[in-house]
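Undergrad: For reference, the chains in residue letters:
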Amino acid sequence: MFGHAPDDGDESDETESSCGCEAGSGESDGSAESRSTSEVRSDGGEPSDERRPTSELCSDGGIDADVPGDPGSAGGAGSHPSSDDEFEPVQVFPDSTEQDLRPGADSCYKCSTCDTNCPVAEVDDEFPGPKFQGPEQWRLSRDDAPEIDDSIDKCSNCMRCDHACPTDVPLSQMHNTARGRYVDDQLSKLSIQYLRKKILSNYGRLGRLGSLFPRTTNFVMGNRAVRWITDRTLGITDEREFPEFATQTFRSWWDERGGAQVQSEDRRVAYFHGDYANYNTPEVGKALVRVFESFGYEVAVPRQRCSGTPMFANGMLDDARRAATVNVTEFDALIEEGYDVVCSCTSCSMALRQEYPELFDIDGTERVAANTYDAVEYLRIHEDLREELADAETDADDELPDLAYHAPCHARNQGLAEQALEVGDAVEGVDVDDVGDSCSGISGTYGWKSKHYDTSMAIGDEMFDHMEDSEAETGMTECPTCAMQMEHGTGYDVRHTLELLEATLVGEGEAW
Amino acid sequence: MAIESDVIVIGGGLAGHFAAIAAADAGKETRLVTANQSTLRQASGLIDVLGYPPAAAVGETGTGDAAGDHASDADSDRADADDPDAVGEENPNAVDAEDPRPDAPFRSGPIVDPFEAIPELPEGHPYERVGLAAVREGLATFDEVVDGYVGSHTDANALVPTHGGVAKPTARYPEHTAAGLASDDRDAVLVGFETLTDFDAPVAADSLAAGGVPFEVAGVTVRFPGDLRADAKATRYAELLETDEVPAPKAADGGSSGAATHASQGRSCRAAIVERIRRAVGDVDVDPERIGFPAVLGEERTAEARADLADRLGVPVFEVPTGAPSLPGIRLEHQLGDALRERDVRVADGRPVVDVSATDGRVGHLVVESAGGSTVPMAADSYVLATGGLVGRGIDADRDGVREPIFDCHVPHPDDRYEWFADAAFGDHPFAYFGVDVDRDLRPLDAEGEPEYANLHAAGAVLGGYDFAAENSGAGVSIATGHAAGSAAAEGS
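Just so you know, the sequences run in chain order A and B.
Under the working numbering, think of the first position of the first sequence as 1, with each following residue one higher.
Under the working numbering, think of the first position of the second sequence as 513, with each following residue one higher.
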């Protein structure tokens, strides 16, 4: 990597610590020349500030590592002011165990590519864009940092800025962290805004209740009057229909069938289904189980909570940490036993792979991140999926419709935007048509807020147009909220890529 | 098992795109892997082939470092902005007003016909490696794949004014810039928007005038209709100009209306702009026969926006290419992305290549990192390395040396790092030439001059032997070598 002094790591213990002032020259112009002028003596090694892959950025004390007064513990963030008379340009890093994201901010050379990728900034004049909410705000933050600008609440956490940045600035990590601070420090716990965040981000709790009496809940929540009331009181839009709860949850189906039907010593996957596949679309979870079992995998379905995605997006980081702790603990134990983790929802896999290590310091986080895969990606790596699909005997021509595929932003961020198209190529008789690289606009709970509904639909316009242009009249995507938006904007039935695999390889599943 | 294809291209810039297009057109199943999103958003959208002779070539004719200085002026918009003296009497704009395209190449000024100059390039220059025919093939592919560009009617360079008020010698340019050429003698007014500070129209106009363009030119600055924020994004201007909407005023409570996308009923953004321009033009002495805007006239429906503005203004309208982030770059990115999709090239972006396996002098497979640090093996018969140069991180440098980080290909450079640069800021810096050496099949060569791997080809800024910024050859080299490397990779697979 250009501008990365390879010896930083070796020298972090002594005078050559790459201090904050140096990191400024690091990424954009780290010529040999600038390195030598940047050897300004600064006490207090700050090992966290050398450029590292985002995934490593926060192993040293996530925002929750609030152990006071022990600078040595959580990753050496303790920088002591110099006690002698040596030149001290500025004490950049505070005495704190909190993670410091400014070095990442200094990799930003303000090319603004992130801003041009932001779907919100393009349509909303009140949002200053990811560059401001990310590196610009962090770069300026000191001990006496001003309040977080409340426009942070307009970020939809689509994470396109991460993907856009040519120098790997951890933008979404900055946004998530800032949003957490905003909610903790600046938002009244008695406000409607806070209550709405609490409700929307803890969907799993609602889901558990709703699934006890799914038909009643669906009836009540489908009632326009109820929706009108939630709109006016909670600011949850009445333009959308609440997702229906399934009459049987995935987990109850799993228990009823007696758990795993295939045993294997060396082919083992632990399924992270998340809340939505459990309460609302169990057919996706069933498809995953049947497809993996058809390849001879032993599937485990451990105890789990929400991935935390809606909690990050709403700044409810304490809630997210509690959920993440359960998930990391449970799945890490299975990884010990030789399991890999697979997810059916691309936002869940994003959370386990990227957001957990960026935000939390839970034992096992890194290992879970490095062993988690999108379910289809996993099959593509470990099986000859293309061959299997091509050889499948299903008469897809008759049974399966052509599909208008939307790649969720969180799939795009994992480099998986075109994976479903390749799967489609291999299935004879099915055309999978890409509806373009625009964001669907719903971004999880974002488009559920009355105040964001119009923005959400404006962002989605491009995708709706492309879906209408496509010959296919059934949609396909891997993200449940993108699916809601696709259905909402076009009225199409929307299915999951795993369901296509199931129909082709196993011949079971929901009718098409 | 590895995810397989015939050809894998690493890199998502112009070189990577054209390598993938060439390989796919040769019938190969092709995959493009890139560490981050394509960087075409940072490209001006202009396709330069060779704007200035390389410093070395000029040195032979005795003009020393002058070419380097000139070229830097013309190319680097940042240099323009920071250094008003860049536009002086030696300015490359100072072409003969009577004859903007003289028939002999300038010694140190802009090259008139790059195709005449290319055969004269020194050994080791990427164009010398692939040969003139390959350059023409690359451009022919560009013309075939990309719509809405002008310049294929002639071999001569056009002089396209950029936002610093300097004309860039360019082989192909978007049709939206065509009415703005510096060789055109129609009087022009440049229009800037108050909040779009990247383009200062009066300064750009003064620079052009100082450069001796054969027309009268003035700049005016108007306020953009609606209540745009002071740091509104280029894409926001494009969206409003394209949809012809004026954003509604902010909600009275100072925030949270969220309905900012809803246009004020019945107000046309473009009509309001035209109204303001009419008033502003009254204050300058130029009676415009054409009017230039910063290149934000829409993202997908630019032709419509530009035609409507021209209609309302009664004179032709053109775009002046800006720095990053650039709408012409974004439009080019869209077109090339479509070209890949049409050819069933699969793109995995956001995926850095972190390791390589090789046996018997051949690359076996790549190890590609996914989110969270998990890795995915990807294998192909042939590979194209198109990861960019020092800025694009295809070449890595530190105090100890210069290297190519993925395959560890040999990058020739002096041991003493004080020999890496020239003293003058715009001097002829050796580091600008750092990159891999290649044979005529564009295979990177080791220190002994032998191919590093039989099935690896390189293209674009990762190549050594040229200074694209000084020569104004970045796009042309990427397209020509990308196309050639993609074809060579296809042949080997």
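In short, the hints are calculated from the structure, not lab data.
Treat each hint with caution, since some may be false.
[What the hints assert, rightly or not] Footprint (simulated), chain A over chain B, 3 or more residues, beta carbon under 8 Å:
(1) 747 to 754
(2) 834 to 846
(3) 859 to 869
(4) 882 to 891
[Claimed, not checked] To list a few chain B residues with every Cβ distance to chain A over 12 Å, as calculated:
(5) 513
(6) 514
(7) 550
(8) 553
(9) 627
(10) 668
(11) 733
(12) 738
(13) 740
(14) 743
(15) 938
For clarity, every value in this text was computed on a predicted model and none was experimentally measured.
Each residue gets a CB set at the ideal place from its N, CA and C atoms; glycine is no exception.
Undergrad: Next step is simple, just say for each hint if it's right about the structure.
TA: Here is how each hint holds up against the structure:
no. : hint       : in the structure
1   : 747 to 754 : holds (count 3)
2   : 834 to 846 : holds (count 3)
3   : 859 to 869 : holds (count 5)
4   : 882 to 891 : holds (count 7)
5   : 513        : violated (7 Å)
6   : 514        : violated (8 Å)
7   : 550        : violated (10 Å)
8   : 553        : violated (5 Å)
9   : 627        : holds (32 Å)
10  : 668        : holds (32 Å)
11  : 733        : holds (20 Å)
12  : 738        : violated (8 Å)
13  : 740        : violated (6 Å)
14  : 743        : violated (6 Å)
15  : 938        : holds (15 Å)
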